[in-house]
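A.B. asks: Dock chain B against the given chain A, drawing on the hints supplied.
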Amino acid sequence: MKKIYFTLLFTVQTFLIFGQETKLNFYAQPGFDLLHSPSNKDVGALFRGAQFIAYITSNISERLTAAVELHPHVNFKNGPEFEIERLFLKYYVQDYFSIRAGRMYMPLGFWNQNYNFAYVMIPVIHRPNILQPIHDDGFVNTRDIGVQFEGNDIGSLRFSYKAMISNGLGKNGGLGGNFRSFDTHFAYTTNLSIQPFDGLRFIVSGIYNFSDAGDPSQFSSAKFADEIQQIAYNGSVVYLNSDSKFELIAEYISTINSYKNLGNKSIYSGILYTGFKVSDKVIPYLFSEFTKFDMTDPLFMPITGVDLSTVNDDLAFQSNLKVSPGVRYRLNTNAVLKFEYNFYTFDKEKFVHGPSTQFAIGF
Amino acid sequence: MKSIKILFFSVFIVLLFGAFSPNNIQDQTLVIIVHKDNPVESLSLSEVKLYWLRKVKKRWPTINKNIRPVDSKSKSPEQQAFYKKVLNMSATDVEAYFNQKQYESAEKPQDKFGNERDIIEFVADQEGAIGFVNSNSLSADMKSKIKIVAKIE
Chain A
2 MKKIYFTLLF TVQTFLIFGQ ETKLNFYAQP GFDLLHSPSN KDVGALFRGA
52 QFIAYITSNI SERLTAAVEL HPHVNFKNGP EFEIERLFLK YYVQDYFSIR
102 AGRMYMPLGF WNQNYNFAYV MIPVIHRPNI LQPIHDDGFV NTRDIGVQFE
152 GNDIGSLRFS YKAMISNGLG KNGGLGGNFR SFDTHFAYTT NLSIQPFDGL
202 RFIVSGIYNF SDAGDPSQFS SAKFADEIQQ IAYNGSVVYL NSDSKFELIA
252 EYISTINSYK NLGNKSIYSG ILYTGFKVSD KVIPYLFSEF TKFDMTDPLF
302 MPITGVDLST VNDDLAFQSN LKVSPGVRYR LNTNAVLKFE YNFYTFDKEK
352 FVHGPSTQFA IGF
Chain B
127 MKSIKILFFS VFIVLLFGAF SPNNIQDQTL VIIVHKDNPV ESLSLSEVKL
177 YWLRKVKKRW PTINKNIRPV DSKSKSPEQQ AFYKKVLNMS ATDVEAYFNQ
227 KQYESAEKPQ DKFGNERDII EFVADQEGAI GFVNSNSLSA DMKSKIKIVA
277 KIE
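As you go down the protein sequences, you meet chains A and B in turn.
The numbering of the first sequence is this note's numbering, which starts it at 2 and goes up by one.
The numbering of the second sequence is this note's numbering, which starts it at 127 and goes up by one.
Just chain A, with the same shape it has in the complex (with noise of 0.2 Å):
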């Protein structure tokens, strides 16, 4: 494994000293978080870590560029990691049409695409939670190792289109990868939008997946115990228009997982954010978010030790809501300052809320 990361690292680092022009940013995102759970009367807070992260691009030619997102931190297991979340080139073929190729997000609707550890240009404080990424407890494949096909601003509709092939679900996702059959065991991602008016864009994308029983899953030491395919689908409306006071990204995300023996699993979830520039700098917003999942899924729990026949069905459905009205002071480009508050209702622990700060840099 060390050794694959060690020629990946030095590929790129290749590509970025030969490279025609490179840049390099680094973006940092230190916070505060606040949360009282009036029924067990108890208040936790947490400061996070900046988690610091390198961005690498070049120009390798006209047509080539290279790019590498890097995030140096602990595991609480491993010890120190440097963890490559993004590592691709992309090469323009002509207009309406580039290829890339390498590990990257997927392209399932608006959010997974643009907003990911550059927490400067997001405008939230907290990734969604149905987007969080899949080892780390999340829900959908939202980053993987294949190859994209693009291309952008097609007609007056101003068509774009993306799709994608890669590893699919499990540790294929990884850099270390594992070799699969190649007629169905990949994972599809298509993505679809136009922009009627500059800002506006509509978007559907879906995910096709399939892992066997006995495939690796994204449990480090884990494998899935029964066939898998999974089918994620989106919609989503976004309007972020420079010209505009009023931003708005709203996005609809629900999969299907349906298992040989185990049936048919759902998660549904809803993305909303709304802000309003009342100047350049200060935006006030409210973002919320709801997710409702299966927790006898196996995707997302422990694969071993746990008896799933002995989940009662009344408790099967976990839903959460969050509700956090936000404001947004724009230091400048480079600076931004983020305040939340933010009020969470779950299923089965009731209501918790506090409140959330962040001081976003990128440099």
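Simulated from the structure, these hints should not be mistaken for lab results.
Be aware that a few hints might be false.
[Claimed, not checked] Cross-link-like lysine-lysine pairs, in silico, DSS-like; alpha carbons within 30 Å at most:
#1 A/K246 - B/K211
#2 B/K201 - A/K278
#3 B/K162 - A/K246
#4 B/K175 - A/K282
#5 B/K201 - A/K282
#6 B/K277 - B/K183
#7 B/K162 - A/K282
#8 B/K181 - A/K282
C.D. replies: Relative to chain A, chain B alone:
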């Protein structure tokens, strides 16, 4: 009669000071420049916006070169006028726009230069470049190296 004299004198003084003021209209004429071999002859302001932001096309249609927007490194009256009259965006929005493009798809942001002479030389050197300068910065020699495709009064 005396009041007419005073009126004429006042108008004369206003015109005189106006002509030598650093903010006169001629000084504020902004020109959009491209490489002299770029076959584009003229662009509307909305086209300038699309090309400069690389919104629809990433490469010039005929010369098949990457579009390379050129900007001023620091705040200048020319930059302010370009952002306001052509892009209709604030400086923060322009930076955020290019940062987002770079972050999402590794697109190169605009090239920035400290003075207009450097901008003109870069546009003269790079076939795909498109930039903005004050018309007063263009000497006859410089004009022969670039092409003016739009003017903003």
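A.B. asks: Between B/K162 and A/K282, is the straight-line Cα distance small enough, at 30 Å or below?
C.D. replies: Answer violated: B/K162 to A/K282 is near 39 Å, above 30 Å.
A.B. asks: Holds or violated: B/K201 and A/K278, Cα atoms, limit 30 Å.
C.D. replies: 23 Å, holds
A.B. asks: Holds or violated: are the alpha carbons of B/K162 and A/K246 at most 30 Å from each other?
C.D. replies: 39 Å, violated
A.B. asks: Below or equal to 30 Å on CA atoms is what counts here, so check B/K277 against B/K183.
C.D. replies: 22 Å, holds
A.B. asks: Next pair to validate is B/K181 with A/K282; report whether the Cα-Cα distance is within 30 Å.
C.D. replies: 24 Å, holds
A.B. asks: Within a Cα-Cα threshold of 30 Å, do B/K175 and A/K282 meet the stated pairing?
C.D. replies: Since the Cα atoms of B/K175 and A/K282 sit roughly 23 Å apart, the hinted pair holds (cutoff 30 Å).
A.B. asks: Given the hinted pair B/K201 and A/K282, is their Cα-Cα distance within 30 Å?
C.D. replies: 17 Å, holds
A.B. asks: Starting from A/K246, check that the Cα of B/K211 is at most 30 Å away, please.
C.D. replies: Distance ~18 Å between A/K246 and B/K211 Cα, so the pair holds.
In this structure, the earlier hints numbered 3, 7 are contradicted, and the remaining ones agree with it.
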